[in-house]
Each structure stands twice: as structure tokens, then as C-alpha cells.
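Student: Protein chains in written order, with my numbering: chain A, 1 to 353; chain B, 1 to 144.
No lab work stands behind these hints: they were computed from the structure. A couple of the hints might just be wrong.
Computed footprint of chain A on chain B, listed as stretches where at least three residues anywhere in the stretch have a Cβ under 8 Å from a Cβ of chain A [claimed, not checked]:
1) 3–15
2) 36–44
Quick list of simulated restraints, FRET-style, between CB atoms [as the list claims (entries may be wrong)]:
3) ALA39(B) x MET1(A): 32 to 42 Å
4) CYS26(B) x THR21(A): 17 to 27 Å
5) HIS240(A) x CYS60(B): 42 to 52 Å
6) ALA39(B) x PRO30(A): 10 to 20 Å
7) PHE137(B) x PHE62(A): 24 to 34 Å
8) CYS112(B) x GLY243(A): 56 to 66 Å
9) GLU14(B) x PRO128(A): 34 to 44 Å
All C-beta atoms, glycine included, are put in the ideal place defined by N, C-alpha and C.
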Amino acid sequence: MMREVAVVSFAQSASVRAEDTRNEVEILMPVVHEAIERSGIGRKEIGFTMSGSCDYLAGAPFAFVSGLDAVGAWPPIRESHVEMDGAWAMYEAWVRLQHGDIDSALVYAFGKSSLGDLPDVLVLQLDPYYVAPLWPDAVSIAALQARAWLDAGHTEEEMAGVAARSRKAAMANPMAQVKGDHAVSDLMREPYLVSPLRRHDCPPISDGAAAVVLAAGDLARRVCERPAWIRGIDHRIEAHSLGVRDLATSASTRLAAERAGVDGAIDVAELHAPFSHQEPILREALGLGDGVDVNPSGGALSANVMMAAGLTRVGEAAERVIDGRAGRAVAHATSGPCLQQNLVCVLDGGVAA
Amino acid sequence: MPGRAASRFLRGIEQGKILGQRCPSCRKVYVPPRGACAACGVATDEEVQLGDKGTVTTFCVVNVPFYGQKIEIPYVSATILLDGADIGLMHLIQEVAATDVHMGMRVEAVWCDPADRKPTLESILHFRPTGEPDAPFDSYREYV
Ligand SMILES: [Zn+2]
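One chain only, chain A, in its complex shape (with noise of 0.2 Å):
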């Protein structure tokens, strides 16, 4: 019997293009102040604090230590890091909260991607030996697999209307970078930024921070009208080499989606797909239907920081739960080349069954 732990509150910056003045603690200590307030728990109070950040993105080994600068980390807390999204951060909260001897956790994210080139710095993430040498950026890299998803049987339009409705969707989003109303019928006369990849296919380049907070059961209930419970968590993992996995179809997004119990329930899926052919591939894997509301904030095509955007996904999802906006919902959140890896969360307003 898993203990029950729920998402109580979160909080993010608005994402930008380049943060000019602030540097990441700058970004991250009003937005992790913000999710401790709206918690209704105290600072001090808060039993595990675990961060996910890139050291590659501020160029510097051990760069995450500084982000504990926002959390007044003396006397000495139970903190963890992972070099991974923010979604993952939560993943290993959930997991310590499961000990049982401690009743919340304070996930935080961040990344300041303005610092270097990123879509030259992912070329690390790619395999060492055969990939990484031949210094594919990371928008060529999703090309590919836009291509062989458009060989499956599927359009360029598809892509554009999904770029569309996220961007319009943005337009509510006040934290979001990128929105507005556009047809697809203009989206589609716009140039290839790399074939069949056009600048709307893309995310924009963000810097900011995201962070939520966990609490077990009865602290949880105390401090949340209706917290967002996590009914159902799980990640999966595919090969590295990006020859050798059908890249027009998520099977480990299917996989956890089956373990975390996605069910034909969900309202509303908040899924961290940056370009705009991964949607519809996750939606499938996820098998979802055509009345579940997609990316409401605008997702990451809208706003994009780096390993904060999975965790923003479950926040949005999670506060459309709080709020009473979603009985039941779905954060997905991807992590390394053309959707390698994937975590699915399942989040419902309700009573557990």
C-alpha cells in the first residue's frame, strides 16, 4: 500500500528569453519562497528539499550547490539533487516521502539556458561515441524524428495546428514567452527553420524556475482544500542510440503511462513535448482521447526552461486539480533526445477509490 502524498502548491517564474540581470539563485528565491507561502507550511517545517538542475547549462561542475542559496539551507536540511527536470526531482521526493518518517518535500527547479547555445550544448547528452562526434544540434535531432513520424502517415498541418493551440492557449498563461493567435494556414508559409521543422515546430529558449510542494495525507488535507494526489507515478527509459527505437511512437511513454494508471478519466494533460510533432506521439502513447483538454498553460512549444519544464507540467496540471478547474489529470514530462525518456504522473482531485 503506497502512501498517499499530493502536489499542494507551486510556483514559477515567468519565462524569458534571457534573464539580463538576475543569475539563477536570483530567479529561483522568489519562486521557491512563493511555493513554501502558498503551501501553508512552514520553511522550517518542509522534511526533504530536492532539486533538479544542469551543471552544463551554467557551464560549471557543482553549479546546482548554489541553488540551495534559496532555501537557507542551515541548520543542515535532508536535501537531494538530480541531474534531471525537475519532474524527476518529484519522482525522488515521492519516493523519499513513501519512507514514511517525514510528511513534505519542496521540489525545486531551474535553468538559465541564455548562458551558452543550447541547442549546441545538448549535442552532450547525445551518445559519446558515434553521435555526439558528428555535433548534431538539438533541433536537427528532433528534424529527424519529425520526419519519420510525418513517414508514419501524418502532416506538416498537424504539426502547425498544434503549435496554433498552444500558442493561443498562452494567451492566458501570463508566465508563458511565446503566444498568440495565428492561423495554421499562415503558420504553414512560414519558412523551414530545419526541414520539416518550421520556428513554430520549436520551443523557445527560456531562462526561469519552477518549484512545487509535496505533503503526505493528513498534512496534506490540513493545509489543501483539495490537494492534487498523486494517484499514479512512473518513468521509463529507452535505448540511448537513437537508431535503434521507432522514433515515430513513445513506447516508454505507453509503458509508464499503463503503470502510472492513465484511464479514460483524464480531464486535462499537461505534457512536456517541445516540439510540436511530440504532442500527438504522446498522445497516443497515452491514449488519449479527444475530449482531454492538451496543454492548457501553452506547454513547452509557450515556454521552455530547461529542467524546470517537466515539473511546470506537473504544476499546471496539478493547480487546474487544486483549484477544481480538473477532477483528474495527466503531467508527462521527457528528458534527453527525440522523447528517450519519459515520466507520467497521474493526479486526481478526489478521494482515492
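Given chain A, put chain B with the ligand in place with the hints provided.
Tutor: Frame of chain A; chain B with the ligand shown alone:
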């Protein structure tokens, strides 16, 4: 991109001023400031101008030559607790034999010519002994 707090510090150095920041919670003064008190987890927005003088809390005599070395060995790299600060600053101690540098030694900053000052700690060439009596150990024991 050093951030807002470090940018203010570096602009101060360019003008010959050493600027720290005080934590509103524990009142400790950080220099160079990073915009946050790591102990309290709050923003440090109160600016404090520090003087040029401080105390050597610990030091290291460098005897090993390495590629790109600009200073003649042996030389001394030290942690200097500026008067009024609550954290040590790393810098060089010169104008004294390496064998004479010791904990508690009172030192002062030697700035480069004002026309050459840039937003970098290299605008302080080094620290040198002031000749004052040593600071008592209790005055810096918390910072060793
Ligand atoms: Zn403090």
C-alpha cells in the same frame, strides 16, 4: 552573467569601493555578495561599504610553478576577513616575505591606478601588511 548582487560588487570595485550585502535575518555581511544569505535563504538587499583593511584568517604558500603563472613563487594566497565582513575574501598577500605571513596579520588592499580599474578583483593588486598589531584569535575564530 554574475547576477545583480555580484554586478553591483564589481561596479563598486571599478570605483575603488568594496561593497558587501547584509542579511536582513542573521545580520551577517557577505562579500562578494551573491544576493542571498545561504544560511537563511533570504535575499540580501542592504548594501554595506567595507573598508580596505582586514585580518588574515588562513593562508597558503604557493611553491609549485604552473602554466600561465603570473606571480613569482613562492607567493601567498590568503583568506582575508575584511573589517565588518562575515565571510573571508581570497586574495594575494605581497610586500612581505612568504615566511612572515601568519594568521591574525592585519593587511590592507593595494589598488591599481584608478585609470586602470576594471570590474574585476584584479583591480586590487594584492593586500599588504599594515604594521598594526595582530588581531586576537577570538576576533576571527568563527571564520577560520
Ligand atoms: Zn542570514
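Student: Could you say whether the range 34 to 44 Å given as a hint is met by the Cβ separation of GLU14(B) and PRO128(A)?
Tutor: 42 Å, holds
Student: Closer than 8 Å, Cβ to Cβ, for at least three residues: run that test on the region 3–15 of chain B against chain A and report holds or violated.
Tutor: holds (count 5)
Student: Tell me if the beta carbons of CYS112(B) and GLY243(A) are separated by a distance inside 56 to 66 Å.
Tutor: Given range 56 to 66 Å: holds, Cβ gap about 57 Å.
Student: The hint says 24 to 34 Å between PHE137(B) and PHE62(A); measuring C-beta to C-beta, is that right?
Tutor: At roughly 32 Å between Cβ atoms, PHE62(A) and PHE137(B) fall inside 24 to 34 Å, so the hint holds.
Student: Between the beta carbons of ALA39(B) and PRO30(A), is the distance compatible with 10 to 20 Å?
Tutor: 18 Å, holds
Student: When you take the CB atoms of CYS26(B) and THR21(A), is the distance between them in 17 to 27 Å?
Tutor: 25 Å, holds
Student: Holds or violated: 42 to 52 Å for the Cβ distance of HIS240(A) and CYS60(B)?
Tutor: Given range 42 to 52 Å: holds, Cβ gap about 43 Å.
Student: Take the region 36–44 of chain B, compare each residue's beta carbon with every beta carbon of chain A, and decide whether three or more fall closer than 8 Å.
Tutor: Holds, because 8 residues of the region 36–44 of chain B bring their Cβ atoms closer than 8 Å to Cβ atoms of chain A.
Student: Okay, ALA39(B) versus MET1(A) on CB: inside 32 to 42 Å?
Tutor: 39 Å, holds
Violation of the numbered hints given earlier is absent; every hint is satisfied by the structure.
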